[in-house]
Amino acid sequence: MNFIGFGLLYGLAVTAPALTIGIVGGKAAESTARQPEMAGRIFTVFILAAAFVEALALLGFVLGIMVVGKL
Amino acid sequence: MEPTAAKAPLDLLPEKVNELLGFLGTQNVNGKPYAATDFVLTNYIFFLFISIVLLSIVIFIAVRKLEMVPKNKLSNAVEALAEFVRNDIAVAMIGHDGAKYFPFLATMFFFILMNNLLGLIPGCKPGTGTMGVTVALSTTVFIFFNAVGFKNQGLWGYIKSFSPKGVPFPINLIVWAIEVFSAILRIFTLAVRLFANMYAGHIILGIFAILTALFTEPLIVAIETHQGIGAAFVGALPSIGWLLLMTALYALEFLVAFVQAYVFTILSAVYIGAAAHEH
Chain B
3 MNFIGFGLLY
13 GLAVTAPALT
23 IGIVGGKAAE
33 STARQPEMAG
43 RIFTVFILAA
53 AFVEALALLG
63 FVLGIMVVGK
73 L
Chain F
44 MEPTAAKAPL
54 DLLPEKVNEL
64 LGFLGTQNVN
74 GKPYAATDFV
84 LTNYIFFLFI
94 SIVLLSIVIF
104 IAVRKLEMVP
114 KNKLSNAVEA
124 LAEFVRNDIA
134 VAMIGHDGAK
144 YFPFLATMFF
154 FILMNNLLGL
164 IPGCKPGTGT
174 MGVTVALSTT
184 VFIFFNAVGF
194 KNQGLWGYIK
204 SFSPKGVPFP
214 INLIVWAIEV
224 FSAILRIFTL
234 AVRLFANMYA
244 GHIILGIFAI
254 LTALFTEPLI
264 VAIETHQGIG
274 AAFVGALPSI
284 GWLLLMTALY
294 ALEFLVAFVQ
304 AYVFTILSAV
314 YIGAAAHEH
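Protein chains in written order, with the numbering used here: chain B, 3 to 73; chain F, 44 to 322.
The following block holds chain F by itself, in its conformation from the complex:
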């Protein structure tokens, strides 16, 4: 065996994974160490801007030439998604006046979807893979559904609507406090769900990519030095399995990108629907 390959591939895994975790953390674009109080462009925000530009281009191309029966494939795809957001999310969850909130929900859906999909390209980051962005998104949703509630039910009506009708007096107040607390907690749950899905998905993809590379490395070294190719070839066989697993997980992450955009939008629609109507 080669002296360079003396360490088993699996022994190298922890330090490589630590490298990956450092890579997934927030970094400055200018290469200086990142501090949370600095007002600088970080890697996540950089890819956030790229995804905004890409989304603008995609939507612009899709709606440039509107037809009754679109022949453009991109137009068809965007139209199908927009129709899905309007019919299956806005109207299905909010009710007959759900189409009124369609612009807000569609913006959220396409923005999150574009960020998630961009993050799947190797080397790119999902803008939604950092807590700062997801908390900003969920705070926007929080302010929006509260504004809708105050507008539709009036100040006192909306405050009162948190406690269910028909509950006797003292328990009434306790239920109201719990409901208000859980409504405020929605900022946190929405943000963490999206962030954790993106972050965990990328860590898992990264770990399988590292495993594939670690098991293949001794073979490359053996071919370069023309020594012990047979043994190294047998040692590299597991990387086929790791590669297949990684491909399967990649497909799963592609699904997750859609499902998380869908879940974020549908939960926003549920909250807006609960605030918009009196129960």
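Just chain B, same shape as in the assembly:
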């Protein structure tokens, strides 16, 4: 039961961040292609946004391990 719960928690916690990382990365690639001279600033913004989003996914992972207490 713990396995199912943990799997569900991680799967649900990671869906929205996965979509968002895709959007952020795609937009970063698109804007770099449109304006290559701004690549440095765009990369900074991309890393910042990705870090914000990634934290949510990791929070689900760590929270699951902490709540279940074991795997």
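If you're looking for bench data, these hints aren't it; they were derived computationally from the structure.
Being a predicted model, the structure only gives us computed values, none of them experimental.
Where is the CB? At the ideal position from N, CA and C, for every residue including glycine.
A couple of the hints might just be wrong.
[As the list claims (entries may be wrong)] If you only want the chain F side, here are some residues facing chain B, beta carbon under 8 Å, derived:
#1 Leu97
#2 Leu161
#3 Arg236
#4 Tyr242
#5 Leu295
#6 Leu298
#7 Phe301
[To be verified] Some residues of chain F that are not near chain B, with every Cβ distance over 10 Å (derived):
#8 Asn73
#9 Ser99
#10 Gly209
#11 Ala243
Given chain B, work out where chain F should sit, using these hints.
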């Protein structure tokens, strides 16, 4: 098949992972069970001190003989990172007077980077892999940017600056309360982001290392007893894949060590920049 290898490798995984999680928890250096209220040296704080000593040595060697054009490789590396923190984090995020806050940001960046990198050495722990250290770091940032705000905008000016201009009276107060709450929440978000990245990364690396070892174990037993080496060899083949995956994840964790130090510093710079100037 060997009677010792009767259990499939994957069946052994849960108990090994529990062992790993126990190993990743906070432990006392003296071997006694850990209680949160004890004032003792724990494994994370031990490696925190080691990383402070290492960082001091690295920086000391790097700046011992300063030249206009540094030939020392270490000096070059440290100088490149310091310049990156000054130009791309401090000045880019805070503005023309960003270089004033460079010492604080550089301290944060190098401290977190050294801790993260030390944690990647097998057997060592990242000092930033425990909640206590990251909350202390983010509280330092919180106090620093509030102090900068009070100093630059004055007491009333800084308190007022949380609510945006041009918002009518009653909504004004609600926005102010939400903004203040989210500013206090920054302690938590900064700390959790760094902690979760380090903790989750080490759990994943540990799980792949365990998988590699579990699939190789029957082969070692078979070679020792000279029985069923062929079958055990086929059974050990997946561990090549696990090893390759672990190597790839190791490279990723190396990147994450840099990116998390960068993200922590750049967010601190964004908060300081927001507090330092009136909008």
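Closest C-beta approach of F/Leu161 to chain B relative to 8 Å, hint status: violated (20 Å)
Hint status (Cβ of F/Tyr242 to nearest Cβ of chain B, threshold 8 Å): With a closest approach of 6 Å, the F/Tyr242 hint holds.
Chain B contact restraint on F/Arg236 - CB to CB distance below 8 Å: holds (4 Å)
Claimed clearance of chain B by F/Ser99, with the beta carbon kept past 10 Å: At about 28 Å from chain B, F/Ser99 clears the 10 Å cut-off, so the statement holds.
Assertion that F/Ala243 lies farther than 10 Å from chain B (Cβ): violated (5 Å)
Distance rule for F/Gly209, whose beta carbon must clear each one in chain B by more than 10 Å: The claim holds: F/Gly209 sits with its nearest Cβ about 26 Å from chain B, beyond 10 Å.
Interface hint compliance - F/Leu295 to chain B, C-beta minimum distance less than 8 Å: violated (12 Å)
Closest C-beta approach of F/Leu298 to chain B relative to 8 Å, hint status: violated (11 Å)
Restraint outcome when F/Leu97 is required to lie within 8 Å of chain B by C-beta distance: Where the cut-off is 8 Å and the nearest Cβ of chain B is about 26 Å from F/Leu97, the hint is violated.
Least C-beta distance from F/Asn73 to chain B larger than 10 Å: holds (25 Å)
Agreement of hint F/Phe301 with chain B interface, Cβ distance less than 8 Å: For F/Phe301, the interface hint is violated, since the closest Cβ of chain B sits about 10 Å away, which is over 8 Å.
Consistency note: the structure conflicts with the earlier hints numbered 1, 2, 5, 6, 7, 11.
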